[in-house]
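**Student:** Given the coordinates of chain A, work out where chain B should sit on it, guided by the hints.
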Amino acid sequence: AQSVAQPEDQVNVAEGNPLTVKCTYSVSGNPYLFWYVQYPNRGLQFLLKYITGDNLVKGSYGFEAEFNKSQTSFHLKKPSALVSDSALYFCAVRDRWNYGGSQGNLIFGKGTKLSVKP
Amino acid sequence: NAGVTQTPKFQVLKTGQSMTLQCAQDMNHEYMSWYRQDPGMGLRLIHYSVGAGITDQGEVPNGYNVSRSTTEDFPLRLLSAAPSQTSVYFCASSSPGTGSLEQYFGPGTRLTVT
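As they're listed, the protein sequences go chains A and B. Here our numbering is used: the first residue of the first sequence is 1, the next is one more, and so on. Here our numbering is used: the first residue of the second sequence is 1, the next is one more, and so on.
Chain B with its partners taken away, still in its complex shape:
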């Protein structure tokens, strides 16, 4: 049971480049979320999904896309990277319907956009 995994761990992009941050979980959780963490700002929700085929925007969705074709995977796409997207990105999953109310977090992806 690997929990929540994220790849890559580190990434450097140039402004305007695109990339996909990968997230997978093996706990059969229906809820998955993407957060970004910036100093002094805590965690801010980017996008979330309540199940396969269903996604919605969080607090800071601009510049990011998501899709959820399977229960296990929830990739985050940066369409055209900007320096403001330099951050640490965390994926999380939970299963509120089965009583697993706490979110389980991946190890994070540290992204730098130059």
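Just chain A, with the same shape it has in the complex:
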């Protein structure tokens, strides 16, 4: 079964410092991996995805994520956090080789609240 774990409910960072939001996954085959961000009272916005190729993926708003197959991780990173980055972040996974039926849907983690203080 596919699953995603976000081990931290909340991450606190000072503005200007680097940030990391952790994600580990479990799929039976090779994964497609995604990060989404949700600002208060808004829907989820797509940030970035890993499909294949370079393990370091760059996305919107200066975020990047590193795919590590041996550690089954896909941590979200940003070199210098902004107060405006404060939001709820979701990691999601899909098994690459299962397209039809329920496997076509993304499995989401429970979310990590990022708080960036000035």
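Possibly wrong hints are sitting among the right ones.
With a cut-off of at most 20 Å between alpha-carbon atoms, the simulated SDA-like pairs for lysine to any residue come out as follows [as the list claims (entries may be wrong)]:
| id | chain 1 | residue 1 | chain 2 | residue 2 |
| --- | --- | --- | --- | --- |
| 1 | A | LYS113 | B | PRO107 |
| 2 | A | LYS49 | B | GLY42 |
| 3 | A | LYS110 | B | PRO39 |
| 4 | A | LYS77 | A | GLY59 |
| 5 | A | LYS77 | A | TYR32 |
| 6 | A | LYS110 | B | PRO61 |
| 7 | A | LYS49 | B | TYR104 |
| 8 | A | LYS110 | B | PRO107 |
| 9 | B | LYS14 | B | ASN62 |
| 10 | A | LYS110 | B | ARG44 |
A few chain A positions that, by computed beta-carbon distances, are all more than 10 Å from chain B [as the list claims (entries may be wrong)]:
| id | residue |
| --- | --- |
| 11 | GLU8 |
| 12 | GLU15 |
| 13 | GLY16 |
| 14 | GLN45 |
| 15 | SER73 |
| 16 | SER115 |
| 17 | PRO118 |
From the structure, some residues in chain A lie toward chain B, with a derived Cβ separation under 10 Å [said to hold, decoys possible]:
| id | residue |
| --- | --- |
| 18 | ASP54 |
| 19 | LEU56 |
| 20 | PHE90 |
No lab work stands behind these hints: they were computed from the structure. Virtual Cβ for every residue (Gly too), placed ideally from N, Cα, C.
**Tutor:** What follows is chain B alone, placed relative to chain A:
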């Protein structure tokens, strides 16, 4: 191109009432899904559809019905609302067959059942 739209934005129901949450997308996506979001529980899949005329249950389908008569629309029906259905509901669409693997989300419907 409006993306994924949802109506209404907010709704208050009394226990036992029924209603339909509307979802539409204009991206010709074959996949559409309904999720509910509850604090500390992330997003849980209610129902999904892989194309017009085809629907299936997700993780938490009880108390909800769906239909997919067109590619664009995927309404979610609450048959007899219960307080446990108080939540924020998100509709999403994607097109895995054409390489659009990420899901696009609507703005959500905040439902309160009293």
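**Student:** Give a verdict on every hint.
**Tutor:** The hints, checked one at a time:
no.	hint	result
1	A:LYS113 / B:PRO107	holds, 19 Å
2	A:LYS49 / B:GLY42	holds, 19 Å
3	A:LYS110 / B:PRO39	holds, 9 Å
4	A:LYS77 / A:GLY59	holds, 10 Å
5	A:LYS77 / A:TYR32	holds, 18 Å
6	A:LYS110 / B:PRO61	holds, 19 Å
7	A:LYS49 / B:TYR104	holds, 13 Å
8	A:LYS110 / B:PRO107	holds, 19 Å
9	B:LYS14 / B:ASN62	holds, 18 Å
10	A:LYS110 / B:ARG44	holds, 9 Å
11	GLU8	holds, 13 Å
12	GLU15	holds, 26 Å
13	GLY16	holds, 29 Å
14	GLN45	violated, 8 Å
15	SER73	holds, 18 Å
16	SER115	holds, 16 Å
17	PRO118	holds, 26 Å
18	ASP54	violated, 17 Å
19	LEU56	violated, 18 Å
20	PHE90	holds, 7 Å
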